[in-house]
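Take these sequences, add in the hints, and give me the full structure.
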Amino acid sequence: MLSVDLAARKAGVRPGTPVAKAQALYPDLITMDADQEGDRTGLEKLALWFQQRIAPLVAVDVPDGLVLDTTGADHLHGGEPAMLAEMVRRLRDAGITAKAVVADTLGAAHALARYGRARTLVVPAGETAAAIADLPIEALRLPDNMIEDLRALGVATIAPLAAMPRAPLALRFGPDVARRLDQAYGRISEAILPVRPVDPVMVSRNFAEPIGAAETIARYIGRLVPPLCQGLEERGQGARRLDLVLHRVDSRTEAIRIATATPVRDAKRLVRLLCEKIETIDPGFGIERMVLTATLAEPIAPRQKISSLIAEEEPDVSDLIDTLANRVGHRSLYRFAPVESDVPERSFCRVPALAPDDQKDWPEHWPRPTRLLARPEPVQAMAELPDQPPLFFIWRGVRRKVKCADGPERVFGEWWQGDAELTTVRDYFRLEDASGERFWVYRSGDGEHGETGSQGWFLHGIFG
Amino acid sequence: MSTPLSRPPLEALRDQIRRLEGSATRRRAVLPFGIRDIDRRLPGGGLALGALHEVAGGGNDALNSAAAGQFAAGIAARTKGKVLWIVTRQDLFAPALKQVGLGGSRVIYVEAGADQDVLACFEEGLRHGGLGAVVAEVARLSMTASRRLQLAAETSGALGIAVRRWRRQTEAADFGQPTASVTRWRISVLPSESLPVPGVGRARWLLELIRARAGESADFEVEACDGKGRLSLPAAVADGPDQEKAGRRRTRA
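In order, the protein sequences belong to chains A and B. Residues 1 to 464 in the working numbering are what the first sequence lists, from first letter to last. Residues 465 to 717 in the working numbering are what the second sequence lists, from first letter to last.
You may find that some hints are simply not true.
Said to hold, decoys possible - In silico contact screen, one side only, chain A against chain B (beta carbon under 10 Å); selected entries:
(1) Ser347
(2) Lys360
(3) Ile462
Source of the hints: derived by calculation from the structure; they are not laboratory data. Yeah, the Cβ is synthetic: ideal placement off N, Cα and C, and Gly gets one too.
Structure representation (structure tokens):
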């Protein structure tokens, strides 16, 4: 066990307990494999977030800590206690339980954050020694075997350890104990290795004379994009999102944002996407500065071209997808993918237009209507019970006599979706009226048992 | 005057007309229906690629566009490559398109808010040229708009199908207005073929070719698209001439 949640801790499971033992104690214990790599990248992301919000120097302290140099940054957040409270609150909102301590030294803050009682604590300058005196020696970042040996000597907390003569300690345990003590008390300095965010590729241009005409803007977009693509190429990346910020002479800004479905480094295509949006901006009295930033970039993987000997290459439509998506929005551009469900309205889901094809498709056992009504419309119908198709039905005020019919195709409720569907049944019929129009009609219920549905009739689709 | 025009002058005349129409450089490719009776009526022997075609439902189907939609899906299924389907309100049932051979992985849907957006996306799709077919459900289609679409299709060689779908029955009279599309079809449902057992047989449609550029209008009674998007002639009609011929042979014998 590397880590346990609050409920498990209450039940008596501690980090370090073997999994088999814990499971023997609590058979319904939920365990998950540790993902140390994932934890590390998560921590790095969190560090970047802290760097933007709290203080510029942030280091990752694996496996579970962050070190911030907040010197000179606390007043921006209303003082140190307020800053700590804010940090812990924000982390709690994100679902992370955290403790935060400000102290003179990294060693002391590290020790108090892990072995102290308080959720947030500010140690006043110069009181570090008193604050850490009663902490256990584990707080000193010493190797486990060394801690065991020290405990065997009868040393349990930091204060007695600090009071011991240095020379015998160094002789027995090496220089580490003294070094860690000095680091905690601030006698020697300790460097941190701050994370460095990767700056997005950015190009800008200032104008001596403000520009305003759409053609001029388009021309300068055409000049900004190639250096940006050059920058992306140096990193082996392609743009997924571009922000063009236009600073106007009256110190207001206008912005154009384009997004692409796949990473793109083709200058022509990006220029075209940007230029299509020129009409959405208001240049006012003129634009004096243009900044183009690739706010989201992803690596471009080289692709193997298909030889015409093997198969014909499918034309690339991603540029069209981008153009359309920037016009109507990404949500309005999609494909339908099959979902394994017999309930018609649940048998499909929307996936992005360029999502990889998973080779699945809908079964073709039964005819399906070309048009499926967004919600089934109630119809009045007369039918013999329990499983005969209707003789006639009235939909939208028109009475239709059924000439021939197919069915029933019984669809059961999906009990795993909720208790309400435990017993529900739909009986689908394909009906054709005298004029040849074909409809998909169902009865809610099996015609015999009241708990299977209301026994009312609904029209759900129209066949071609 | 029964002597037909000799071949070369007729060809020359056709060339001249083609040059006037501005499509002299490329020979038009077509997508045949695979039914001789229909293909014979269409110039070039099939639906012209690189052109705009209009499809509308007859009767109640003008509002629902179920048959018209399926007809368009059947045509799109027989093309190669991805299909762009532009709608204003989404009520297509993808499993049904799969049943006429248009699998879910091939169709990209665009949901545009207004008719203008539909037309803009339609034109963009036609201009791209990498798609098998572009289908758009539009209500109003003016001469100017259709001319733009037709030109876009001509430049890229894409197949454009405008499924005309109206909100009210009274608006369906709009289908009489002239547009620049190459063909115009109206699909009406007919009672399905009667089966010897209870059940619904294969759907039948009345296919009205209302307008065909450089062709004549015609009516066909067909059976709806099969699993690969192909139409077929009802057995009675298909067998008719053969039976007749056989009968004649028999009488002659």
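How the hints compare with the structure:
no., hint, result
1, Ser347, "6 Å, holds"
2, Lys360, "8 Å, holds"
3, Ile462, "4 Å, holds"
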